[in-house]
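Visitor: Here is what each chain is made of, one letter per residue.
2 protein chains.
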Amino acid sequence: MVYNFNAGPGILPLEVLESAQRALSDFNGTGLSILEIGHRTAAFEAVVCEGQQLARELMNLSDTQEVLFLQGGATTQFFQVPMNFLASDAVAAYVDAGIWGAKAIQEARLWGGVEVIGSSKADGYTHIPKSYAIPAKASYLHLTTNNTVEGTELHDIPETDVPLVADMSSDILSRRMDYRRFALLYAGAQKNLGAAGVTLVVIDRTQLGRQARQVPGMMDYRKHIEHGSMLNTPPVFAVYVSVLTLRWLHAKGGAEVLDAENRQKSDLLYGTLDSLPLFRPTVAREDRSRMNIVFRIEDPRLEQAFMERCKDEGMVGIRGHRSVGGFRISLYNALPIGHVRVLTDLMHDFAARH
Amino acid sequence: MVYNFNAGPGILPLEVLESAQRALSDFNGTGLSILEIGHRTAAFEAVVCEGQQLARELMNLSDTQEVLFLQGGATTQFFQVPMNFLASDAVAAYVDAGIWGAKAIQEARLWGGVEVIGSSKADGYTHIPKSYAIPAKASYLHLTTNNTVEGTELHDIPETDVPLVADMSSDILSRRMDYRRFALLYAGAQKNLGAAGVTLVVIDRTQLGRQARQVPGMMDYRKHIEHGSMLNTPPVFAVYVSVLTLRWLHAKGGAEVLDAENRQKSDLLYGTLDSLPLFRPTVAREDRSRMNIVFRIEDPRLEQAFMERCKDEGMVGIRGHRSVGGFRISLYNALPIGHVRVLTDLMHDFAARH
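Chains as they are written, first to last, in our numbering: chain U, 2 to 355; chain E, 2 to 355.
Since the hints were derived computationally from the structure, they do not count as laboratory data.
Take these hints with a grain of salt, some might be off.
Intra- or inter-copy, both count: the list cannot distinguish identical chains.
[To be verified] Pairs of lysine-lysine, DSS-like flavour, derived with a Cα cap of 27 angstroms:
1. 131 with 104
2. 312 with 253
3. 312 with 104
4. 122 with 224
5. 122 with 312
Make a model of the complete structure from these sequences and hints.
Guide: Quick look at the structure:
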């Protein structure tokens, strides 16, 4: 048995993997592999439409919000967002709450003014900056809703009239959230939404066209909307796996149900960590992520022993990001609570022995 | 039986599909699906290295040419190339030989001067422009080696000291070619190299850094080289399918063998078309593509009847691009000659009946 606590690409639902595997030999009874079909066929266009519809329903989007499946990961959104939304003489507000958000800030500076209105960098990103003023004239406010590396999560989205832009790569559809509030949100699929190679982008079309910079066709959200997310050949298989995952999320009951399950899973793990002095969670209690649980063991020998014990039990993906060290356990939507229990049992046993 | 003449995404070797399918349930004995593994694991890093090595060997690249697996398709390369290589006060030379090349020209104009040194647009792109002068001061010359839509192929790469850049999306590794001559070449994988979602880019690193524009990290070839094609999460599965396809190409004997096979296949089809007055190939004989064979049937009723006959026999992907009409038969590397013979037999029979 393998217990997959990878931070992303991460665990996927078994039925998604099984459906994807079937489609590799015969997609929808066409006699062709999903890898060999034309993307402009009715069968694949139906997949894209279904995905857009499911995302719309699962996030309860408004009529002006468009759903796109793009390429290039969140890292491409880091520059595509300011390229489209930030005029060279305007200013965007950014919150600097983790290394991915810091990368977004760096990419934005190429296009216009950037005001970092809050930062927890000096504290090693162990908490989410909270008391900041949002400049009313900002073109947008950029947030990261969950910091995958550091293990913090933004539990309350700030109230503001400034258009909100958010990187939701590691917590999209893992919890209840008012997705209607965002002018633009994006998420690399490889954590909660499918496989690597596709990025979900939700964009309020009324926010587009406010600045005049000419952008390349592939970087122009309006062109992607106009072409129904098929401006060029989309990453067909990655889109298909995302649609399968959206179907699975929908069948489970959506964000409401996932919110409860993910709360249970993370409560179980944090509760165990808090009860055992051997382990030390590294981030501020009120900002704890429900997706990525980061902790340390002070004694390096015990750290090594714990790593080996986990490995022996078939656990993978538990090493913390190299910038943080220690351990990181990712509890994405597809991870059953039983797998968390195997880990917490192991933790109790390990603590008793040491 | 399905005969897949799709223009791309197109037919893939059966053994590639079977290996991909196995990796969906268990990648390399890890007990995890290829969709669930970390991209920074030794097992996946080995896949990327193997792919780079195979591409290097199959194309007989020089030591200064780097192999990258990127996202965004050839359409992204249309702007990424000039963004990196064309200073705002410099000029690049382009040959306008088809609708994809024309899109590349349009994207280049955003970044600097563009001189279209040859165009067959006025003739409906039915031939490849040939007698043109290449301005010595051009930052590069951009070519499309095969025009997927129109069915023409550039059989002779021009001699010049100007750095050569080429879109090889639809004929890469389908024929013998001196790949060392290119400063940069790119190919969307979904025709001869695998599945949609990854683009092979080969780049001579000595050509980089000649202009000073600051570009976003994701668009900077130097950053991708520095990070071994893992600047961010790569499209893991699409890369894997490409590496499986490169393995298959290597096992077959490489470009030399494919060149001979593709010549046989296209000779068989063109020979049939030329022998039957009912069918009319649409492009100049000396520029005929070996990958995409485009032809018409003058009588619209017969065109319809032929379409239905092909459909009845299980043939897919034979309709010409909407901008050209008629028929297009794509004979990518993975298509067995037997499938061409089934089609040519049908053509003889159809011609005899009408």
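Visitor: Each hint should be assessed against the structure and marked as holding or not.
Guide: Outcome of the hint check:
In this homomeric assembly, residue 131 and residue 104 come within 27 angstroms of each other (Cα to Cα) only inside a single copy, at 20 angstroms, whereas the closest approach across copies is 46 angstroms. For a Cα distance limit of 27 angstroms, the shortest separation of residue 312 from residue 253 qualifies neither inside one copy, at 31 angstroms, nor across copies, at 40 angstroms. In the homo-oligomer, the alpha carbons of residue 312 and residue 104 never lie at most 27 angstroms apart, since the shortest distance is 32 angstroms inside one protomer and 51 angstroms across protomers. Taking CA atoms no more than 27 angstroms apart as the test, residue 122 paired with residue 224 passes between copies only; the shortest distance there is 24 angstroms, against 37 angstroms inside one copy.
When the C-alpha separation of residue 122 and residue 312 is checked against a cutoff of 27 angstroms, the pair qualifies neither within a copy, at 32 angstroms, nor between copies, at 62 angstroms.
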